[in-house]
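S.K.: Chains as they are written, first to last, in this note's numbering: chain P, 115 to 305; chain R, 877 to 941.
Source of the hints: derived by calculation from the structure; they are not laboratory data.
This structure is a prediction, so every number in the text was calculated from the model and none was measured.
Mixed in with the good hints there might be a few duds.
Unchecked claim - Below, a list of computed lysine-lysine pairs in the BS3-like style, where the Cα atoms sit at most 30 Å apart: (1) R:Lys878 <-> R:Lys894; (2) P:Lys195 <-> P:Lys299; (3) P:Lys195 <-> P:Lys303; (4) R:Lys937 <-> P:Lys117; (5) P:Lys117 <-> R:Lys881; (6) P:Lys181 <-> R:Lys881; (7) R:Lys925 <-> P:Lys158; (8) P:Lys299 <-> R:Lys878; (9) R:Lys922 <-> P:Lys195; (10) R:Lys933 <-> P:Lys303; (11) R:Lys921 <-> P:Lys116; (12) R:Lys879 <-> P:Lys303; (13) P:Lys195 <-> R:Lys881.
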Amino acid sequence: MKKWNEYLWIFSAVYLTLGFFNILFAWIGLICMLTPLLLSIVGKGKIYCNSYCGRGQLFEFLGGRLKLSANRNIPAFIRSKWFRYGFLTFFMTMFGVMVFSTYLVFNGTNNLQEVVTLLWTIQLPWNWTNTAAVSPWVAQFAFGFYSVMLTSTILGLLTMFLFKPRSWCVYCPMGTMTQGISMLKYRGKVK
Amino acid sequence: MKKAKVNQTECVACGVCKKACPRQAITIFHGIYADVNEDFCIGCKKCQKVCPASVIKVIQKEAAL
Ligand code: SF4
Ligand code: SF4
Ligand code: SF4
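Can you build the whole structure from these sequences, using the hints too?
M.R.: Here is the structure:
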């Protein structure tokens with residue numbers, strides 16, 4: 115019997131699809147950012163990555179079960195601390211920029227931009243959702259957050275095709291952060 | 877005897893190896909790195925095949941006296 119948490123990849127797939135139809139669903143993705151952080155802060159290590167991350171399972175499913183991965187070894191630089199923490203820094207900087215543009219919409223400096231930005235550069239017009247029901251900043255954050263989720267999915271798929279199914283997990287900012295938090299917490303215990 | 881060995885300074889603690897191990901020989905030490913219990917490991921290489929960081933390898937170990 116499979117356990118419930120082995121089906122979380124479906125949650126990830128549904129999440130990405132829902133956001134496509136209505137951008138406001140993007141907010142749900144905050145769960146995938148806050149849960150791993152909270153769990154590692156309370157001392158559960160990388161239990162989120164190890165057992166509950168739908169995205170990791172999705173790559174495992176596509177790359178492993180559906181054999182969409184070349185299964186090559188990842189280049190050593192990607193697993194280096196420099197690259198992983200560098201990517202984390204870059205990712206969090208861009209995340210901060212996104213939160214700031216949400217703030218600019220919140221305080222009325224900017225108008226709502228209905229675009230999804232891929233790989234921090236490619237802007238896709240994304241205006242089929244009626245977001246009039248919510249404050250513009252709520253919609254703006256949804257666009258920004260969905261951009262982050264889609265961008266990381268694209269990078270993850272790319273490295274899944276080229277290397278092993280869960281190559282994304284080597285440089286995933288959430289994974290790097292939860293490992294970093296665990297290291298700080300259990301510094302003394304490392305053998 | 878062949879046993880799995882982890883390069884623990886480069887392991888990302890993703891737990892993919894742990895899932896793949898048929899002998900439950902692997903634990904993730906406090907979210908920091910994978911740890912192999914050599915008493916359980918049978919050297920099947922399943923962990924080595926799936927490790928996305930390529931930091932777990934099955935190597936020849938001297939048999940314990
Ligand atoms: S490293 Fe990232 S994608 Fe992989 S299991 Fe952890 S949170 Fe999920
Ligand atoms: S699969 Fe590789 S990187 Fe992930 S925990 Fe195991 S040894 Fe570490
Ligand atoms: S070689 Fe096989 S038995 Fe040993 S740790 Fe790896 S998967 Fe488990």
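S.K.: Now tell me if each hint is right for this structure.
M.R.: Here's how the hints hold up against the structure:
1. R:Lys878 <-> R:Lys894: holds (18 Å)
2. P:Lys195 <-> P:Lys299: Distance of about 18 Å is within 30 Å: holds.
3. P:Lys195 <-> P:Lys303: holds (20 Å)
4. R:Lys937 <-> P:Lys117: Judged against 30 Å, a Cα distance of about 35 Å means the pair is violated.
5. P:Lys117 <-> R:Lys881: holds (29 Å)
6. P:Lys181 <-> R:Lys881: Within the cut-off at roughly 26 Å; holds.
7. R:Lys925 <-> P:Lys158: holds (26 Å)
8. P:Lys299 <-> R:Lys878: violated (33 Å)
9. R:Lys922 <-> P:Lys195: Judged against 30 Å, a Cα distance of about 26 Å means the pair holds.
10. R:Lys933 <-> P:Lys303: holds (24 Å)
11. R:Lys921 <-> P:Lys116: holds (24 Å)
12. R:Lys879 <-> P:Lys303: Holds, because 24 Å separates the two Cα atoms, which is no more than 30 Å.
13. P:Lys195 <-> R:Lys881: Given that 30 Å is the threshold and the Cα spacing comes to 20 Å, the pair holds.
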